Amino acid sequence: MLLPVTDSRIVARRADIVAALEAIVPGGVVADKSGLATFDSDALSAYHQMPLVCVLPADRHQVSEILKYAQAEGIPIVPRGAGTSLSGGALPREDGILIGMGRMKRILEIDYENGCVVVEPGVTNLNITKAVEAQGFYYAPDPSSQIACTIGGNVAENSGGLHCLKYGLTTNNLLGVTMVLPGGEIVTLGGKCGAQGGLDLLGLVTGSEGLLGIVVEVVVKILRKAPVTRTLMASFDTVTAAGACVAAIIADGVVPAAMEFMDGRAAAAIESYNQPGYPAGAEAILIIDADGVEADVTHAISRVVAIVAESGGKTVEATDEKQRLRIWSGRKAAFAAMGKLAPDMICMDGTIPRHTLPYVLAEMEKLSQQYGLGFCNVFHAGDGNLHPLIIFDVMKEGEFERAEAFGADILRLCVKVGGVLSGEHGVGIEKRDLMTEMFSEADLDQQHRVKCAFDAQGLFNPGKVFPTLSACVEQGHMHVHGAQMPHPHLPRF
Amino acid sequence: MSAISTQSEIVEFVRAARADRSPFEIVAGGTRRSVGRPLGELPQLDVSGLTGILKYEPEELIITAAPSTPLAEIVATLAARNQRLGFDPADWSQLLGSNGVATLAGSLSSDASGSGRLRHGPARDSLLGFHGVNGQGAAFRAGSKVVKNVTGFDLPKLVCGAFGTLCVLTEVTFRVYPRPSHFAVLALQDVTPETGFAALRKIAQSALEPAGLAYLPGNIAPGMGQGSALIRLEGASKPLEEKIALAHGLLGNAMTRLDGEDPFPAIGSGEKFARVPGDIWRVMIAPSDAPRVARELNAQAWLGDLAGGLLWLAAPSSDAARIRKIAASAQGQAMLLRASAQSRAAHGLYAPQPAALAALNRSVKAAFDPLSLFNPGRL
Numbered sequence: 001m002l003l004p005v006t007d008s009r010i011v012a013r014r015a016d017i018v019a020a021l022e023a024i025v026p027g028g029v030v031a032d033k034s035g036l037a038t039f040d041s042d043a044l045s046a047y048h049q050m051p052l053v054c055v056l057p058a059d060r061h062q063v064s065e066i067l068k069y070a071q072a073e074g075i076p077i078v079p080r081g082a083g084t085s086l087s088g089g090a091l092p093r094e095d096g097i098l099i100g101m102g103r104m105k106r107i108l109e110i111d112y113e114n115g116c117v118v119v120e121p122g123v124t125n126l127n128i129t130k131a132v133e134a135q136g137f138y139y140a141p142d143p144s145s146q147i148a149c150t151i152g153g154n155v156a157e158n159s160g161g162l163h164c165l166k167y168g169l170t171t172n173n174l175l176g177v178t179m180v181l182p183g184g185e186i187v188t189l190g191g192k193c194g195a196q197g198g199l200d201l202l203g204l205v206t207g208s209e210g211l212l213g214i215v216v217e218v219v220v221k222i223l224r225k226a227p228v229t230r231t232l233m234a235s236f237d238t239v240t241a242a243g244a245c246v247a248a249i250i251a252d253g254v255v256p257a258a259m260e261f262m263d264g265r266a267a268a269a270i271e272s273y274n275q276p277g278y279p280a281g282a283e284a285i286l287i288i289d290a291d292g293v294e295a296d297v298t299h300a301i302s303r304v305v306a307i308v309a310e311s312g313g314k315t316v317e318a319t320d321e322k323q324r325l326r327i328w329s330g331r332k333a334a335f336a337a338m339g340k341l342a343p344d345m346i347c348m349d350g351t352i353p354r355h356t357l358p359y360v361l362a363e364m365e366k367l368s369q370q371y372g373l374g375f376c377n378v379f380h381a382g383d384g385n386l387h388p389l390i391i392f393d394v395m396k397e398g399e400f401e402r403a404e405a406f407g408a409d410i411l412r413l414c415v416k417v418g419g420v421l422s423g424e425h426g427v428g429i430e431k432r433d434l435m436t437e438m439f440s441e442a443d444l445d446q447q448h449r450v451k452c453a454f455d456a457q458g459l460f461n462p463g464k465v466f467p468t469l470s471a472c473v474e475q476g477h478m479h480v481h482g483a484q485m486p487h488p489h490l491p492r493f
Numbered sequence: 001m002s003a004i005s006t007q008s009e010i011v012e013f014v015r016a017a018r019a020d021r022s023p024f025e026i027v028a029g030g031t032r033r034s035v036g037r038p039l040g041e042l043p044q045l046d047v048s049g050l051t052g053i054l055k056y057e058p059e060e061l062i063i064t065a066a067p068s069t070p071l072a073e074i075v076a077t078l079a080a081r082n083q084r085l086g087f088d089p090a091d092w093s094q095l096l097g098s099n100g101v102a103t104l105a106g107s108l109s110s111d112a113s114g115s116g117r118l119r120h121g122p123a124r125d126s127l128l129g130f131h132g133v134n135g136q137g138a139a140f141r142a143g144s145k146v147v148k149n150v151t152g153f154d155l156p157k158l159v160c161g162a163f164g165t166l167c168v169l170t171e172v173t174f175r176v177y178p179r180p181s182h183f184a185v186l187a188l189q190d191v192t193p194e195t196g197f198a199a200l201r202k203i204a205q206s207a208l209e210p211a212g213l214a215y216l217p218g219n220i221a222p223g224m225g226q227g228s229a230l231i232r233l234e235g236a237s238k239p240l241e242e243k244i245a246l247a248h249g250l251l252g253n254a255m256t257r258l259d260g261e262d263p264f265p266a267i268g269s270g271e272k273f274a275r276v277p278g279d280i281w282r283v284m285i286a287p288s289d290a291p292r293v294a295r296e297l298n299a300q301a302w303l304g305d306l307a308g309g310l311l312w313l314a315a316p317s318s319d320a321a322r323i324r325k326i327a328a329s330a331q332g333q334a335m336l337l338r339a340s341a342q343s344r345a346a347h348g349l350y351a352p353q354p355a356a357l358a359a360l361n362r363s364v365k366a367a368f369d370p371l372s373l374f375n376p377g378r379l
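In order, the protein sequences belong to chains A and B.
So in my numbering, spot 481 of the first sequence is number 481, and the numbers just go up one at a time.
So in my numbering, spot 57 of the second sequence is number 57, and the numbers just go up one at a time.
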């Protein structure tokens, strides 16, 4: 993946920029090399680049002032939460200001009466749940990085998690945000009333990967924790049988709280890693959670047990909380377990129509042989979100490039069968150049026009999501500011 | 003009309108034409010919249909496989005095979600993807046909509730949900708005996954004393009985189970106000503000849906400014749903937005429709 070419004219003004930011956020600017090194990548660590400077605003007015300054000076902006993005969404630029939102981490209001919490963007996902769990509530989206990832980052990426099929993604669990637009204006989209009195810009901004502005306040919905949760493990001799079982469960009207699939290779790696008790020799394993009121769960579990049997699988139900957690500990250790097999790993993320799973797995097997790299699959089976893990050794000549090419082919395959490039990790820099596999020029043009409606200068997170950087065009005319093309230095990859 | 039935005809129509800079009204079933700022006498693009279910895969929880497919056809097709749309689409025909046919795209474009949206959210929460023609006359698509997707901007959210001001839809894909086999409606009768809404919020905050929570004052629900809180629960037969018992446990045993017709469709569609004179408003507020705001609004006829998050009311058109002011002070939104053309022209569908937000809305509209050809000014 090509990183954007650095604008040396901006870099040459670094000292002035640092001083200007220091005036806006006294004591909140990171400009020394060792300090900046902390911010040189996100969780897509294969890509790293030092930011020009990092600023850590403490309130929305500072954010607004920073953006006004950056816009006036034509300096790119990269927003960052906790830096847990798996698609490079927070990858800095050498000629850009990295705005870290981690200092804005207050929980502003907990409103049980209206089932919502008002937070600053730097609050971690898990801390929202922690703040309300004593009263029996929780925040539903649970990305696996929830202990570290921030709600601002979740809004930017429209983060998912294990429970999306039943409880939705971030976008389905928000009531409102307050954001600062690239020009520094502060707008509030939605709120406790759940209405916006105009276009659903809240829905647009959610998942916009830091391309439209910076969120400075979020109103999230909280839910009452289900009184009962039960967990089943089902094992199958063939992937096809497991896939058919998943389809039959859904068609039966059961909506499991979670339904996770692991292929035989993942299950074997996990079993040797932390022994969660996965049956040896199974080609596919499902872990299924049902939650709700007791009778609902009883009903769901009995239907699932019957359907698994009809599909030729075997079920084991966790008999106590300890066993339940043990079964899940395996799935949650999938990354670590695969990490034992090779020094490096990339985790892909695509969604497929569920019925195509056996075909997709067979095709992946062929690709694996073609590229000479090992892989395994974990899969949010309920919603079709596939996470192939490709293992390689970066020290071996050409393996990283082969792993990336293998991953790209998997995503092309997802699109080919009617799916998408990303189910929850986002496009970022990782999948940017694959966007044309899924979208036509007209499709991307429409998205780009929307981007320009927010950010006519193209300063927000440039180089992410869109495969070609083009100037904002309005009614056939170039949108030119100050007699200069926006970012003449940026290559059109 | 005669009905159009293909995307390429729409492209042609839009390109011609663009060349002439001639705005037009997009019409299918025509049931919601009287909502929003009146468009005046504009040419019409009649898309009522774009009908039919294109793909329905119950085990993938997906349905793809042409936009003007009658809502009733979608609902019946899904029901045959024990599924439903998540947003409980509301047919406003009776309220608006239309004898047209409510369509799928009409209900999503007008964000006409019924009482059941409590469970799965309004239309924007289940529209996965669409095809459309923008104001450049370009056919494009957005979103996807799988239930979980974060690739690119979530443009499907934008077209929900946009009243056809962004593009001409040519295909829509929805996520669908299982339709529980049984339901029950419980009523807490002869209670004040304070007591009634408090009970509804208690159920809303429970794990009972209610599919309807409304308060009806006595004059709207005769025979129930000063007012009645209605709770719709659903599930398979045994789980439903458990939920009913839990609801009784939460609220005490004063509730009765209503037999007969489900009252919620008439609540969510505004049918309760079909014969009530005056302008009809939908006021969205934080649910806990419902008793206070209802008291301030002091409407002759009103009810509260969504556990108080939505107040329906009838008022003389001279009340418009007062209603908007009360909604604004509660940080809510008052939507003028049914009113004379004059009143709609004067007050618009929603109150004017703060300047920066209004400018942003205009920019986003222009990103789709730079010449403002589609339903200009309606939203």
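Derived by calculation from the structure, the hints in this document are not laboratory data.
Just so it is clear, the structure is predicted and the values come from calculations on it, not from any experiment.
Cβ atoms here follow ideal geometry from the backbone N, Cα and C, with glycine treated the same way.
Please note that a few of the clues may not be correct.
Straight-line distance between alpha carbons at most 20 Å, and here's what the computed EDC-like set of lysine to aspartate or glutamate pairs gives [unchecked claim]: (1) 202(B) - 113(A); (2) 238(B) - 252(A); (3) 238(B) - 113(A); (4) 340(A) - 271(A).
Covered stretches of chain B (chain A as the covering partner; in silico rule of three or more C-beta atoms under 8 Å from a C-beta of chain A) [unchecked claim]: (5) 31-43; (6) 221-228; (7) 285-297; (8) 329-341.
So the derived label-pair ranges between C-beta atoms look like this [claimed, not checked]: (9) 38(A) - 194(B): 50 to 56 Å; (10) 26(A) - 194(B): 34 to 40 Å; (11) 277(A) - 354(B): 31 to 37 Å; (12) 135(A) - 271(B): 33 to 39 Å; (13) 433(A) - 352(B): 52 to 58 Å; (14) 225(A) - 262(B): 25 to 31 Å; (15) 322(B) - 13(A): 50 to 56 Å; (16) 354(B) - 135(A): 39 to 45 Å.
Of the hints stated earlier, which fail here? 3, 5, 6, 10, 11, 13 and 16
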